[in-house]
Each structure stands twice: as structure tokens, then as C-alpha cells.
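Enquirer: Those protein sequence lines, which keep their order, are chains G and B. Each residue of the first sequence is one higher than the one before, starting from 1 at the first, in my numbering. Each residue of the second sequence is one higher than the one before, starting from 1001 at the first, in my numbering.
Take the hints with a grain of salt, since some may be wrong.
To be verified - Output of the computed footprint for chain G on chain B, the stretches with three or more beta carbons under 8 Å from beta carbons of chain G:
#	segment
1	1040-1050
2	1140-1147
To be verified - The calculated lysine-lysine pairs, modelled on DSS-like cross-linking and capped at a C-alpha distance of 27 Å, are:
#	chain 1	residue 1	chain 2	residue 2
3	B	1100	B	1115
4	B	1115	G	61
5	B	1156	B	1183
6	B	1156	B	1048
7	B	1074	B	1100
8	G	78	B	1048
9	G	95	G	147
10	B	1048	G	95
11	B	1074	B	1097
By construction, these hints were calculated from the structure, which means they are not laboratory data. Virtual Cβ for every residue (Gly too), placed ideally from N, Cα, C.
Each chain, letter by letter, is given below.
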Amino acid sequence: MRKLLFVLALVPALAYAQTLTRDGVTLTPAQEARAEDIGSQLRCLVCQNESIEGSSADLAKQLRTIIRQHVVAGDSSKHIMNYMVQRYGIFVLLKPPFMRLTWALYASPFIGIILGFFGFWLMRRTKAEAPAPLTDADARRLDELLK
Amino acid sequence: MSPLRRRLLFGIPLALAVAGGEGFYIILRRMQQNDYDPHALPSPLIGKRPPAFNLPGADGMQGFSNTDLLAPPKPMLVNWFASWCVPCLQEAPMLMKLAKTGLEIWGIAYQDHPKDLANFISTNGNPYTRLAADASGLTAINWGVYGVPETYFIDKQGIVRWRYAGALTDDVVSGTLQPLLQKYA
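One chain only, chain B, in its complex shape:
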């Protein structure tokens, strides 16, 4: 066996193993830093305006349609939630905190009953400027919503810049939402 071949036979598998290990290490470290979520899906709505819809108000508040989202005075959030969803309950205090900073949040209650929804709002507070009801869940399908809560960031041109599936946490807010608010302010 020539020395070169011996080195290749030993070195190539070793290099592959090292590269693989390095890759897994980077993935795991980024997952730990909440920088990467393997379950997260890119939304096809990013870079586009939300599809046409017109939803009635809920809990005595004003509903909205896609035309109301065409040009918000400043970047805003559209938050899909439901009173029956546990992560939404966990997310409620964060939304209240964000609303207090002056961030405009519009809510859409997904497949909810008016009574349960009213209960949820009176218990957890109301961070929403407008609140619509998607009782059939068909608007959610057009948006590509696959679970609640989901939060969409809409810039001043009415274009969706970011979608987050799951409850907003401190890490997500400071790591992603705040930079976006600065970028699109």
C-alpha cells in the first residue's frame, strides 16, 4: 500500500466524520440558542400581502379585511389565536406587554365560540386594537396557518415580512421581533 493511498483511506472517512460531527454540533448549538427551529416552516406569504378576506368582528370589537392591512401607519402584528389553545394562554401576557409598548396588534380568533372567546379576553386582557373571528377556519387556510398561535409581522406597505408559529417568547421578541421593528420602522 502506497503511503498516499494509506493516507487517503484513513483520511477521507475521518474528514467525513469530522464534517458530519461539526454540522450536527452547529445545528444543536443553534437550536439551543433559539436561533434555529427544525420544525419551523417558511411561510409562502413572506414578501406578499395577505390574501383577500373579510372577517366579522368578535367580542364587540371591529373586524377587518385584507384592505384594512394595505398600509398601516407603522409596522403591526396580526395574531391568530383561540381560547381553546394552551400556548395562546401562555402567550397572552407577552402580547399585553407588547401592546403596552404601543405596538399595534390585530387578533383573529380561529374556530372559536363567542362565549369562550369573551371569557378568554376578560381573563387574560385584550392586547388587540381590532378583533376578528374566523369561525370556519377557511381564512386561516388561505393564509397558510397550520396551528395557533401564529403571528404575522406586516410592514408599512402591508407586506408580510415574518411569520412565527408558536407562542411568542422573550427570546423571539428580543431576537427577531425587535430587530424587525427597527428595520421596518
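So here's chain G without its partners, still in its complex pose:
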């Protein structure tokens, strides 16, 4: 009976073991995974080529805490991204959205492909002109040479 009570007393601890504390916020592994997913899509503005998740800058650490607080509060990922864009602008998104400022960026592979095809077409057209057929004299000379 005592043993059973002891085990029962440990059950809440088991639930606690399912949570982890990252950047000062305690959350479940699923919440942590969502927070990491959000943080890895956001640029650390101090180092500019790292994500918030991967940066060791103080500001990035603080933003990680804020992301986790929002995740624990149940805010949607989109809401949290908007929170960041409102404060730091679209540059904070590592993957820029399709908009007036970025359309050329997204169109550039297609423009490249079209230009490539155009160049290829130009080259091919130049090869299309076959050499004139050999005259009898030339043919005889060729036979001689190949003997």
C-alpha cells in the first residue's frame, strides 16, 4: 500500500518530466518544436545571416523567450510572425513574402530560363546552315586522301 502511494505521488513528477525549460520558459516538447520552427524562420537582426534560433546574440535570446511565451499562451505561428514583422519589418523573415519589392527575386529563375532558351535558340539557328554539297572534283580528291 505504501509503495502504491509513493508511486502515485510520483505521477505529477512524471508529467513535469514531459516539459522542458528553454530560454526561461517551461513548455511541452510539441510547443518547443513549434517555437523552434518559428525561430528558425526569423532572422537575427544583430548578425543578419543567422536565424533567431541559431544565434547567440542577447537580442535573439530575448526574442526566443518571447516566442516561447507566445507559444505557451496558445498564439498561432502566424500571429507570432506578425508580431515580429510589425516591429522589425519584413527583413526579419528569412523567406521573404511575394510582394512588390520581391517579385523580381522570385521571377529571376524563370527570367534566367527564358534568356537561356533564347540564347540556345540563337546558337542553334546558326548551326542550321549545312555546308554546300561537294563538287565531283572535291569528292574525287576526298576519296584520294582517304585511301
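Add chain B to chain G, keeping to what the hints say.
Expert: Chain B alone, transformed into the frame defined by chain G:
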């Protein structure tokens, strides 16, 4: 190969290379003239009023809130800085110079210790009319501050017109700040 195709095959890549070179040349020249900074970020706060905040005073001075910035009698600056930041130290003489011209500058000390801050002010002078402390750094995040020093230009309607990240230099002051002061005077 027809002459037109020959010309196109030679001319198009050459034109592209020339256009690319011209573009890079313009970027580099403007960088040299301090006219363009590839690391500068446009602040989403431009054209808006600062977000709600209320910060306590620091170093015996009066703090302020967003409502204190609603209608300044003339354009002013809000300067984010910290005693631990090296560019802030370099910027201090420029702020003193600007304050002497009658420009109102309010300071916000970012994640600073009162003792270090007091030391910094007594060593480098005090250009600030009001001085607030953002010890947690959370107000800075709401402003979109990503480093110190950062300077915000606020017009008479309380609207942010310009943000500069980095120490204010002679070039920035004469090239950007002075024209803004004239424009929004």
C-alpha cells in the same frame, strides 16, 4: 551566321555585363559617399507614433512615456544607448554638440546598470533633457530597436520620420539630420 545574330550573340552578353558593372559601380560609389548603407534596415515605425510604453527615469532624471512624445514643441530626437556600448561612447560628443544647438534629445538607456549609467553620463556629459531606463529591453523590442545606439527623429505631430542605427557622424548629421530639421521645423 547572319550578321544580326552574330551581333545579338555578342551584344546581349556585353550589354548585360555593362549594366551589371554600372549597377555595382553606383552602389559602391553611393556607399563611399555615405549615401547608401546595405546593412541599414527601414524601420516599420517610420510614419507612425512610437508604441505605448512608460519608462522610469534614470540617473535622477525624469523618465517618459509615449504620451509625452505626442506633440513636441519642435522636432526632437530619441536616442537609445547604453554605457556598455562602444559606438555610444564615440557618439557622445556629437550628441553634446547637437544638444548645444538647442536640439531636444531624450535618452533611453538600454539594459544598463544605474551605476554604470551614472558613470557614463558624468564622464561623457549629459545631452539629454529627459533620461529613461529600459532595464528589461522589452520597450526596445516594441520599438524595433536591434542594437545601440539608435536614434529616432520625431516631428511636431509626434510621428517618427527617420531612424538611424549606429553612431551619428558628421556626415549623417549634415547629410540627413539637418535637412530633416529644416523640413519639419
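Enquirer: Is the hinted pair residue 1115 of chain B and residue 61 of chain G satisfied, with a Cα-Cα distance of at most 27 Å?
Expert: holds (25 Å)
Enquirer: Verify the proposed pairing of residue 95 of chain G with residue 147 of chain G, using a straight-line Cα cut of 27 Å.
Expert: violated (67 Å)
Enquirer: So if I understand the rule, the pair passes when the alpha-carbon distance is 27 Å or less; does residue 1156 of chain B with residue 1048 of chain B pass?
Expert: With a Cα-Cα distance of about 12 Å, the restraint between residue 1156 of chain B and residue 1048 of chain B holds, given a limit of 27 Å.
Enquirer: If you count the residues of the segment 1140-1147 of chain B with a beta-carbon closer than 8 Å to a beta-carbon of chain G, do you get 3 or more?
Expert: Contact hint for the segment 1140-1147 of chain B vs chain G: holds, 6 residues under 8 Å.
Enquirer: Does the structure keep residue 1048 of chain B and residue 95 of chain G at a Cα separation of 27 Å or less?
Expert: holds (26 Å)
Enquirer: Given the hint that residue 78 of chain G pairs with residue 1048 of chain B, test it: the Cα-Cα distance must not exceed 27 Å.
Expert: The given pair, whose Cα atoms are some 23 Å apart, holds under the 27 Å limit.
Enquirer: Between the alpha carbons of residue 1156 of chain B and residue 1183 of chain B, is the straight-line distance 27 Å or under?
Expert: holds (11 Å)
Enquirer: For the segment 1040-1050 of chain B, count the residues whose Cβ lies under 8 Å from any Cβ of chain G; is that count three or more?
Expert: That given contact holds, which follows from 4 residues of the segment 1040-1050 of chain B lying within Cβ reach (below 8 Å) of chain G.
Enquirer: Below or equal to 27 Å on CA atoms is what counts here, so check residue 1074 of chain B against residue 1100 of chain B.
Expert: holds (15 Å)
Enquirer: For a C-alpha distance cap of 27 Å, please report whether residue 1100 of chain B and residue 1115 of chain B respect it.
Expert: holds (26 Å)
Enquirer: Given the hinted pair residue 1074 of chain B and residue 1097 of chain B, is their alpha-carbon gap at most 27 Å?
Expert: holds (18 Å)
Hint check: a violation occurs at hint 9 only; the rest are consistent with the structure.
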